[in-house]
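The task is simple: from the sequences and hints, build the whole structure.
Take 9 as the starting number for the sequence shown in the numbering used here and just add one per residue.
Simulated from the structure, these hints should not be mistaken for laboratory data. Ideal Cβ positions, reconstructed from N, Cα and C, are used throughout, including at glycine. Keep in mind that the hints are not guaranteed to be accurate.
[To be verified] Derived lysine-lysine pairs resembling PhoX-like cross-links, with alpha carbons at most 20 Å apart:
hint, residue 1, residue 2
1, Lys248, Lys51
2, Lys336, Lys395
3, Lys196, Lys141
4, Lys141, Lys128
5, Lys128, Lys196
6, Lys409, Lys395
7, Lys261, Lys333
8, Lys155, Lys196
9, Lys336, Lys404
10, Lys128, Lys404
11, Lys395, Lys333
12, Lys336, Lys409
13, Lys489, Lys51
14, Lys128, Lys485
15, Lys333, Lys409
16, Lys485, Lys51
17, Lys261, Lys51
18, Lys279, Lys261
19, Lys248, Lys261
[Stated by the list, open to error] Ranges between beta-carbon positions, derived for each pair:
hint, residue 1, residue 2, range
20, Gly183, Leu160, 21 to 31 Å
21, Pro309, Asn263, 24 to 34 Å
22, His464, Ala396, 35 to 45 Å
23, Pro273, Lys155, 31 to 41 Å
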Amino acid sequence: MKLSIAIGLVLLLAHYAASLAAAGGGPRVIIVGAGMSGISAGKRLSDAGIGDFLILEATDRVGGRIHKTNFAGVNVEMGANWVEGVNGKEMNPIWTMVNDELKLRNFNSDYDHLANNTYKENGGLYEEAFVQKIIDRADEVEESGSKLSTTLHASGRDDMSVMAMQRLNDHIPSGPAAPVDMVIDYYKYDYEFAEPPRVTSLQNTKPLPTFNNFGDDVHFVADQRGYESVVYHVAGNYLKMNKSGAIVDPRLKLNTVVREIKYFPSGVMVKTEDGQIYRADYVMVSASLGVLQTDLIRFNPQLPSWKIVSIYQFDMSVYTKIFLKFPKRFWPEGPGTEFFLYASGRRGYYPVWQQFEQQYPGSNVLLVTVTDDESRRIEQQSDNQTKAEAVEVLRKMFPGKDVLDATDILVPRWWSNRFFKGTFSNWPIGVNRYEYDLIRAPVGRVYFTGEHTSEHYNGYVHGAYLAGIDSADILIKCAQKKICKYTVQGKYE
Numbered sequence: 009m010k011l012s013i014a015i016g017l018v019l020l021l022a023h024y025a026a027s028l029a030a031a032g033g034g035p036r037v038i039i040v041g042a043g044m045s046g047i048s049a050g051k052r053l054s055d056a057g058i059g060d061f062l063i064l065e066a067t068d069r070v071g072g073r074i075h076k077t078n079f080a081g082v083n084v085e086m087g088a089n090w091v092e093g094v095n096g097k098e099m100n101p102i103w104t105m106v107n108d109e110l111k112l113r114n115f116n117s118d119y120d121h122l123a124n125n126t127y128k129e130n131g132g133l134y135e136e137a138f139v140q141k142i143i144d145r146a147d148e149v150e151e152s153g154s155k156l157s158t159t160l161h162a163s164g165r166d167d168m169s170v171m172a173m174q175r176l177n178d179h180i181p182s183g184p185a186a187p188v189d190m191v192i193d194y195y196k197y198d199y200e201f202a203e204p205p206r207v208t209s210l211q212n213t214k215p216l217p218t219f220n221n222f223g224d225d226v227h228f229v230a231d232q233r234g235y236e237s238v239v240y241h242v243a244g245n246y247l248k249m250n251k252s253g254a255i256v257d258p259r260l261k262l263n264t265v266v267r268e269i270k271y272f273p274s275g276v277m278v279k280t281e282d283g284q285i286y287r288a289d290y291v292m293v294s295a296s297l298g299v300l301q302t303d304l305i306r307f308n309p310q311l312p313s314w315k316i317v318s319i320y321q322f323d324m325s326v327y328t329k330i331f332l333k334f335p336k337r338f339w340p341e342g343p344g345t346e347f348f349l350y351a352s353g354r355r356g357y358y359p360v361w362q363q364f365e366q367q368y369p370g371s372n373v374l375l376v377t378v379t380d381d382e383s384r385r386i387e388q389q390s391d392n393q394t395k396a397e398a399v400e401v402l403r404k405m406f407p408g409k410d411v412l413d414a415t416d417i418l419v420p421r422w423w424s425n426r427f428f429k430g431t432f433s434n435w436p437i438g439v440n441r442y443e444y445d446l447i448r449a450p451v452g453r454v455y456f457t458g459e460h461t462s463e464h465y466n467g468y469v470h471g472a473y474l475a476g477i478d479s480a481d482i483l484i485k486c487a488q489k490k491i492c493k494y495t496v497q498g499k500y501e
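This is how it looks when you write it as structure tokens:
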């Protein structure tokens with residue numbers, strides 16, 4: 009039996025459910041997770057007249073991986089921080105909310121001066137012309153890769169890694185070996201996708217739809233209300249809030265950890281860690297891909313093999329923003345100095361730095377970003393050890409400066425947190441539209457959403473927002489129009 013036929017048969021079980029839901033004021037829906045996708049899905053359901061739902065959130069807040077916290081007297085973002093994709097041919101819906109509706113304080117991030125701000129492993133700057141030549145060559149190869157990508161078969165059968173594309177262009181054929189080559193390569197790929205070029209799919213990242221559709225500009229949100237204001241803004245359209253902006257709607261239950269989802273032809277049953285049982289007609293699961301790859305939520309019966317395989321074929325990457333507070337400033341400030349690179353002989357070792365002269369004036373705070381294996385390593389050591397490593401790097405970068413010990417450090421631990429298990433999804437080699445359709449596909453009464461179900465915008469806030477809408481539309485189509493079959497075309501169709 010063809011996989012597409014088998015999936016169709018499984019999903020037709022939902023027809024019976026739709027007929028039951030048609031009476032009595034519409035279906036009951038449980039949404040698992042109150043991140044951007046879950047909140048967005050809830051709004052879409054509410055707009056369609058489906059208001060009998062519960063949102064069960066494992067943590068004590070809404071927002072998911074969009075989360076502000078106070079650090080050294082200012083609110084900083086532990087997770088999502090940028091609106092990526094601005095000033096293009098299409099309008100990024102998150103940019104509309106951030107800039108026009110909420111008017112959150114934000115700053116255009118200018119990376120054009122990295123050639124002036126790339127530091128040698130043991131101190132001092134590389135010559136600008138030398139670094140710019142490396143950047144220009146990397147840009148040239150990237151453009152060639154984008155052109156190649158558009159010629160590949162849509163099924164993904166000819167896909168390759170970004171590194172394979174680089175080798176086809178005779179670019180660092182043995183991989184970047186010199187520290188400066190490694191840090192430029194890291195900045196161009198790992199800093200965006202949180203995994204190295206040898207892992208990342210060429211076809212699904214070059215050209216990147218976010219920038220191709222929404223524009224090349226990226227804006228750093230530095231508002232004391234927090235980027236999570238966007239999630240509250242969406243929630244406020246359908247959930248009751250008090251005068252201070254807190255959600256007081258009884259349909260939202262915080263600190264409610266879902267551990268089991270049972271699904272039947274006639275409905276679903278959700279069991280939480282505290283032993284509570286909730287019943288509904290449908291469930292929308294917006295847990296992260298990382299969580300789906302663990303046993304935190306048990307499905308009964310077990311999800312079919314096609315679904316499990318699709319979940320494990322995607323990568324959950326780790327992107328860690330480490331904030332450091334210092335007694336005084338010792339780094340350069342002024343135009344063209346916001347971002348700077350450290351060219352270590354160890355790839356990905358405290359490589360990309362940012363100072364906040366504009367965003368948080370007088371804060372004396374630096375941000376350094378690490379990813380992947382370095383993120384996992386750092387999460388497992390003490391903050392004091394991480395602080396010592398980072399300060400040692402800064403002393404190497406600025407040997408003639410009085411680099412005092414950092415007074416405070418903030419190390420988010422997304423990978424270690426059982427409710428997230430990473431920061432965002434990444435498309436590995438060979439995964440394409442077919443696998444995306446499978447990961448998004450409902451299983452009977454169980455629907456799925458999240459940034460990882462966004463075909464074009466996975467990994468981004470706008471991807472999470474749009475995925476919530478798309479997944480809710482699939483559920484609405486079944487519940488209200490009784491069109492419950494979800495067709496997945498074959499891999500090479």
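Here's how the hints hold up against the structure:
Annotation: proposed proximity of lysine 248 to lysine 51 holds, straight-line Cα distance about 12 Å (limit 20 Å). Distance check on the hinted pair: lysine 336 and lysine 395 sit about 16 Å apart at the alpha-carbon level, within 20 Å; holds. Pair hint lysine 196 plus lysine 141 holds up; C-alpha atoms about 14 Å apart against a cutoff of 20 Å. Among the hinted pairs, lysine 141 with lysine 128 is consistent with the structure: their alpha-carbon atoms are about 16 Å apart, no more than 20 Å.
For the hint pairing lysine 128 with lysine 196, the CA-to-CA distance comes to about 18 Å; that is within 20 Å, so the pair holds. Under the criterion of a C-alpha separation no larger than 20 Å, the hint pairing lysine 409 with lysine 395 is consistent with the structure, at around 18 Å. Straight-line distance between C-alpha atoms of lysine 261 and lysine 333 comes to about 35 Å, which puts the hinted pair past the 20 Å bound. Restraint check: the Cα-Cα separation between lysine 155 and lysine 196 comes to about 17 Å, which is no more than 20 Å; the hinted pair holds.
Only pairs whose Cα atoms come within 20 Å are accepted, and lysine 336 paired with lysine 404 is accepted, the gap being roughly 17 Å. Taking the CA atoms of lysine 128 and lysine 404, the gap is about 8 Å. The hint holds against a cut of 20 Å. Distance hint between lysine 395 and lysine 333 is fulfilled; the C-alpha atoms sit about 10 Å from each other, no more than 20 Å. Restraint check for lysine 336 and lysine 409: satisfied, since their Cα atoms lie roughly 11 Å apart, inside the 20 Å limit.
Of the supplied pair hints, the one linking lysine 489 and lysine 51 holds, its CA atoms being roughly 19 Å apart against a limit of 20 Å. In summary, the hint linking lysine 128 to lysine 485 is not supported, as the alpha carbons are separated by about 57 Å, beyond the 20 Å threshold. For the hint pairing lysine 333 with lysine 409, the CA-to-CA distance comes to about 16 Å; that is within 20 Å, so the pair holds. Taking the CA atoms of lysine 485 and lysine 51, the gap is about 15 Å. The hint holds against a cut of 20 Å.
At most 20 Å may separate the alpha-carbon atoms for a hinted pair to count; lysine 261 and lysine 51 meet this at roughly 16 Å. Among the hinted pairs, lysine 279 with lysine 261 is consistent with the structure: their alpha-carbon atoms are about 13 Å apart, no more than 20 Å. This hinted pair checks out: lysine 248 and lysine 261 have alpha carbons roughly 13 Å apart, not beyond 20 Å. Separation of glycine 183 from leucine 160 is about 23 Å and conforms to the stated range, judged on CB atoms against 21 to 31 Å.
Taking the beta carbon of each, proline 309 and asparagine 263 are about 28 Å apart, inside 24 to 34 Å as hinted. Between histidine 464 and alanine 396 the Cβ separation comes to about 42 Å, which falls inside the hinted range of 35 to 45 Å. Separation of proline 273 from lysine 155 is about 49 Å and departs from the stated range, judged on CB atoms against 31 to 41 Å.
Consistency with the previously given hints fails for numbers 7, 14, 23, ordered from lowest to highest.
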